[in-house]
Structures are given as structure tokens and as C-alpha cells.
Amino acid sequence: MVVKQLFDGASSGSSQDLFTILGHDTVVATPEGTSLELSAWLGGELHLFAIGFDPVKLDLRDEKGYAIKTRSVWERLLRSQSEHTDSRAFVAASGSAYALKVRGKGCAMVLAVRKL
Numbered sequence: 001m002v003v004k005q006l007f008d009g010a011s012s013g014s015s016q017d018l019f020t021i022l023g024h025d026t027v028v029a030t031p032e033g034t035s036l037e038l039s040a041w042l043g044g045e046l047h048l049f050a051i052g053f054d055p056v057k058l059d060l061r062d063e064k065g066y067a068i069k070t071r072s073v074w075e076r077l078l079r080s081q082s083e084h085t086d087s088r089a090f091v092a093a094s095g096s097a098y099a100l101k102v103r104g105k106g107c108a109m110v111l112a113v114r115k116l
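Numbering follows this note's numbering, in which position 10 of the sequence shown is assigned residue number 10; successive positions increment by one, without gaps.
Treat the hints loosely; a few may be bogus.
Within a straight-line C-alpha distance of at most 30 Å, the following computed BS3-like cross-link-like pairs (lysine-lysine) qualify [as the list claims (entries may be wrong)]:
| id | residue 1 | residue 2 |
| --- | --- | --- |
| 1 | 57 | 105 |
| 2 | 69 | 105 |
| 3 | 64 | 101 |
| 4 | 57 | 101 |
| 5 | 115 | 101 |
| 6 | 57 | 115 |
| 7 | 115 | 64 |
| 8 | 105 | 64 |
| 9 | 69 | 101 |
| 10 | 69 | 115 |
| 11 | 69 | 57 |
By construction, these hints were calculated from the structure, which means they are not laboratory data.
When you get a sec, could you build the whole thing from the sequences and use the hints?
Put into C-alpha cells, the structure is as follows:
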């Protein structure tokens, strides 16, 4: 998997730059947004990515409905594989739930990575 190799290469061996891929899913993005459930059962610093054949946008909201808009600094790694990439980065509290929508057109992969 190319994505795993990219994050393995970004891991420096120090505890500040180690990554674990938590999971991924393939969705059909729509202009209205395709919903995915995201439970931060591990907590910690999470990075979400959407990678598509066409432009994609992530809409991420916390339990109170507030938008999380911070982009991941690691998005550049994935842009080397696809220019149609969007990301969000946030610190999740253990047990929190988040609402995630993928907006766009067509197939997209959504990837969750935890920075250790």
C-alpha cells in the first residue's frame, strides 16, 4: 500500500513522528455529502484524509456541531499521489464522536491516521 509506505517514510523513529493507520473506507462522494461515523475511541492527534479522482472536501464537526477546519500538515504527502486531496487534523478526546461528510463527485478513499 503506497499510503502506508508514505507514512512509514515520514516516521522518524522518534515518538513525535510515528504514525499508525487506524483505518480507511471507500465512499461515493456527493455534492450534498456522504456521511461517515467517526468515533475517536483511541483519542489523541488524528489526521483524516480524503483522496479522490475528482475534487473532494471533508466536512468534520465535533459533538456540539462546531466545524473542525484545521488541515493536516501531512496532506502534502498524499498530494504527491493525488492532487484531489483534503484533510483535517485535530486532537480527539477518548470516546468522543464526530460527524464526517465527504463532499465531491465519485469515489474517494477516506483515511484515518493517528500520530503517536
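Comparing the hints with the structure gives:
1. 57 with 105: OK: residue 57 and residue 105 at ~10 Å, within 30 Å.
2. 69 with 105: holds, 21 Å
3. 64 with 101: holds, 16 Å
4. 57 with 101: Holds, because 8 Å separates the two Cα atoms, which is no more than 30 Å.
5. 115 with 101: holds, 22 Å
6. 57 with 115: holds, 22 Å
7. 115 with 64: holds, 24 Å
8. 105 with 64: holds, 28 Å
9. 69 with 101: Holds, because 13 Å separates the two Cα atoms, which is no more than 30 Å.
10. 69 with 115: Between residue 69 and residue 115 the Cα gap is close to 18 Å, so the pair holds against 30 Å.
11. 69 with 57: With a Cα-Cα distance of about 11 Å, the restraint between residue 69 and residue 57 holds, given a limit of 30 Å.
Every hint from the earlier list agrees with this structure, and none is contradicted.
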